[in-house]
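Protein chains: 10
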Amino acid sequence: MLYLVKMTVNLPHDMPATQADQIKAREKEYSQELQRQGKWQQLHRIVGEYANYSVFDVDSHDELHTILSGLPLFPYMQMQVTPLAHHPSSIR
Amino acid sequence: MLYLVKMTVNLPHDMPATQADQIKAREKEYSQELQRQGKWQQLHRIVGEYANYSVFDVDSHDELHTILSGLPLFPYMQMQVTPLAHHPSSIR
Amino acid sequence: MLYLVKMTVNLPHDMPATQADQIKAREKEYSQELQRQGKWQQLHRIVGEYANYSVFDVDSHDELHTILSGLPLFPYMQMQVTPLAHHPSSIR
Amino acid sequence: MLYLVKMTVNLPHDMPATQADQIKAREKEYSQELQRQGKWQQLHRIVGEYANYSVFDVDSHDELHTILSGLPLFPYMQMQVTPLAHHPSSIR
Amino acid sequence: MLYLVKMTVNLPHDMPATQADQIKAREKEYSQELQRQGKWQQLHRIVGEYANYSVFDVDSHDELHTILSGLPLFPYMQMQVTPLAHHPSSIR
Amino acid sequence: MLYLVKMTVNLPHDMPATQADQIKAREKEYSQELQRQGKWQQLHRIVGEYANYSVFDVDSHDELHTILSGLPLFPYMQMQVTPLAHHPSSIR
Amino acid sequence: MLYLVKMTVNLPHDMPATQADQIKAREKEYSQELQRQGKWQQLHRIVGEYANYSVFDVDSHDELHTILSGLPLFPYMQMQVTPLAHHPSSIR
Amino acid sequence: MLYLVKMTVNLPHDMPATQADQIKAREKEYSQELQRQGKWQQLHRIVGEYANYSVFDVDSHDELHTILSGLPLFPYMQMQVTPLAHHPSSIR
Amino acid sequence: MLYLVKMTVNLPHDMPATQADQIKAREKEYSQELQRQGKWQQLHRIVGEYANYSVFDVDSHDELHTILSGLPLFPYMQMQVTPLAHHPSSIR
Amino acid sequence: MLYLVKMTVNLPHDMPATQADQIKAREKEYSQELQRQGKWQQLHRIVGEYANYSVFDVDSHDELHTILSGLPLFPYMQMQVTPLAHHPSSIR
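Read top to bottom, the protein sequences are chains A, B, C, D, E, F, G, H, I and J. Every letter in the first sequence is one number past the one before it in full-length UniProt numbering, and letter 4, counting from 1, is 4. Every letter in the second sequence is one number past the one before it in full-length UniProt numbering, and letter 56, counting from 1, is 56. Every letter in the third sequence is one number past the one before it in full-length UniProt numbering, and letter 69, counting from 1, is 69. Every letter in the fourth sequence is one number past the one before it in full-length UniProt numbering, and letter 72, counting from 1, is 72. Every letter in the fifth sequence is one number past the one before it in full-length UniProt numbering, and letter 39, counting from 1, is 39. Every letter in the sixth sequence is one number past the one before it in full-length UniProt numbering, and letter 20, counting from 1, is 20. Every letter in the seventh sequence is one number past the one before it in full-length UniProt numbering, and letter 72, counting from 1, is 72. Every letter in the eighth sequence is one number past the one before it in full-length UniProt numbering, and letter 55, counting from 1, is 55. Every letter in the ninth sequence is one number past the one before it in full-length UniProt numbering, and letter 44, counting from 1, is 44. Every letter in the tenth sequence is one number past the one before it in full-length UniProt numbering, and letter 3, counting from 1, is 3.
Just to be clear, a hint being listed does not mean it is correct.
[Unchecked claim] Quick list of in silico lysine to aspartate or glutamate cross-link-like pairs, EDC-like style, CA-CA up to 20 Å:
id, chain 1, residue 1, chain 2, residue 2
1, A, K39, A, E27
2, B, K39, J, D62
3, A, K39, C, D59
These are calculated hints, taken from the structure and not from any lab test.
Next up, chain A with everything else stripped away, as it sits in the complex:
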């Protein structure tokens, strides 16, 4: 099942750069593993924002929440989750 997720990141300004870089590195690794598994289907940067639109293909709400809340950046994120259904005009 597909979910569109908008993730906006707000890192505290007083977080040491090294700490921020470590979290981001773990985030990248975490995300790329899920992309390889096909669960994190799309990941796009929103122009001008420290935010992204992603599409997830998972089997349940619980699975998605486990993935999202496991993101290293999760404590610094605001998310909007939109369930997507098949569109009658879609040729896919």
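Starting from the known structure of chain A, arrange chains B, C, D, E, F, G, H, I and J on it as the hints suggest.
What follows is chains B, C, D, E, F, G, H, I and J alone, placed relative to chain A:
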């Protein structure tokens, strides 16, 4: 270039059903032609709403606006257009 | 899977009472059939509003959208759909 | 009487992890005791958010406020409280 | 139990004056009867708006919804219902 | 003249508890004195929030602002002030 | 006492021009009489909008509401009323 | 002086096409004359919307309001006007 | 030319009182000098808020921005600037 | 291709002035280089705000995001990006 577009449709309640069906038929044809061309890359129904999230892959703002404003349902739509850039963590 | 759905109804003021009553009767029948099937798990009236909070237990986004868009009142409704996951503190 | 309550948690980023874990442990205990009493009727995680939708069944506004303001996480929470009435189409 | 209710009225512009006056007369009678019963405790006009703030003292959500949805102007109203609890600093 | 005032309190998380308790004690005293004078006519807790709805009966905007800005918690409050007029249907 | 009032006018598109002009003429007369009395102290056009910011100097909420609700355009207006107090830095 | 103006057009659905086309033709003529005079400095279409961002260079608020309120489409428009000052980093 | 400016002040809670008082003293002096020059035409306190509505009479956007950004409290302020034009019904 | 970008800056109050000035100096240099290249086509100060409206002329979303996210002030900015298409009434 990729654009995420959210389209929400509000057809007037007093529009005759036949007229509405004609517009929707033309809309489907219009959209499926663009999907076959690869310009209208994704079309998903937002659960519970007469709305969709679509991803367009076109060469310019002008081309996108020409496509969107040419939609038979355009006069009855509200749209949010978000330009998408490549995300540094994306493996695609 | 559980979805929380807020439905707000706005019937056009100039709709003849008889037509409105017919739609509402079909809506009630439609909803009660889904309640008996266990898909429409909860239906609560929001105090002071022509709106409700409902909880649906269905297997996919597509199934939910088919149910919601099939509601006789659907053309006159605004909906907010929230996917619900299991809470780690819940004893159920 | 039923109340739908949306609770969103924002813990300060600079709160030591140990302190946060203690508060969460007390919160879980507090909530599960109320669930066992049948007052905290439902507790669902909102997918992608450190937030929940809960349904309370209590006898008065005062009782609900006493419960909510007694939550260990209360100082770090934003709440929306919606009184729920019986829906004429509900079969329960 | 006390509820604060904000009611905003939007009568359709094309409603004949006579019809509007009849509804308002019935609304006034309906409201004054509830005021005499002590259920409709306070009724204040919001300066500059066709709206009011009211305080209701009733025994349940269902009773309040029955009262509110029975208002002759209900189909033309938008309402915000806020449950009020006792304030620890109140001397009443 | 009557004013409806919504007051929402946001105390900084890092304020020492003793300091917070002192301010709250002074706030209670301040408010109860005004209640005894009849200026602070009503004080209700908004269920689930560190906020209240109050009704003030004072002679001018200046008097109200002096009262409100004199509240010990004023620096930590957000307020909405709504002037209330007599409602033609009110029996009081 | 001073009140800042923002008035936004939305005349129905299908109102005959003659009817609209008559209402506007009566509105102008009504407003200029109050300006001559000094009650309607200032009247400014918001650039680009069919709206105005006005300052009223009247003795009570009731008086202001009587004035505002008596405006010929009142049924087609949305208003925001802000009570103004004396500013400690004002030299007036 | 420069003003950024966002104009969003909402033509009534039931307006005859001929009438709409006439208004649009007059609008185009009106706008192009002001562009030739250098007052209407820029006119850009917002992608996906029946709206534009324009920059005006005029001598006063009154002049801008006269221009904007004289637009044939003015009665069907919502506008946001933002005064622009010289930016200290601008090389123009 | 007239501008209506709404200024809302948010001083950091951890700013030492002496520092805050110094800034406020400079702010008062700065504002009263501009009032004496007739540029800062009106200054009103918004009841219940650490905010004001002001009317400025200056010759250009640049002059206004220079004045506003020169306010000692500017770094702690949020502002809304509304250009005001002459109203056809105003008798001034 | 043209993009309208609104940038609002929120520097932390506790950032040392010297650090802030350094960032601003680098920001100015960065911006003026892009202005000279013709990519940063316009830069206007929003009156009364630490914010600007800019127009960029670049070849792709990726190029714009690289520019924007490279701004020294980027971590302290909120941005709104609006793609602009050619307007049929524009004479340019």
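To test your reading of the hints: which numbers does this structure violate?
none
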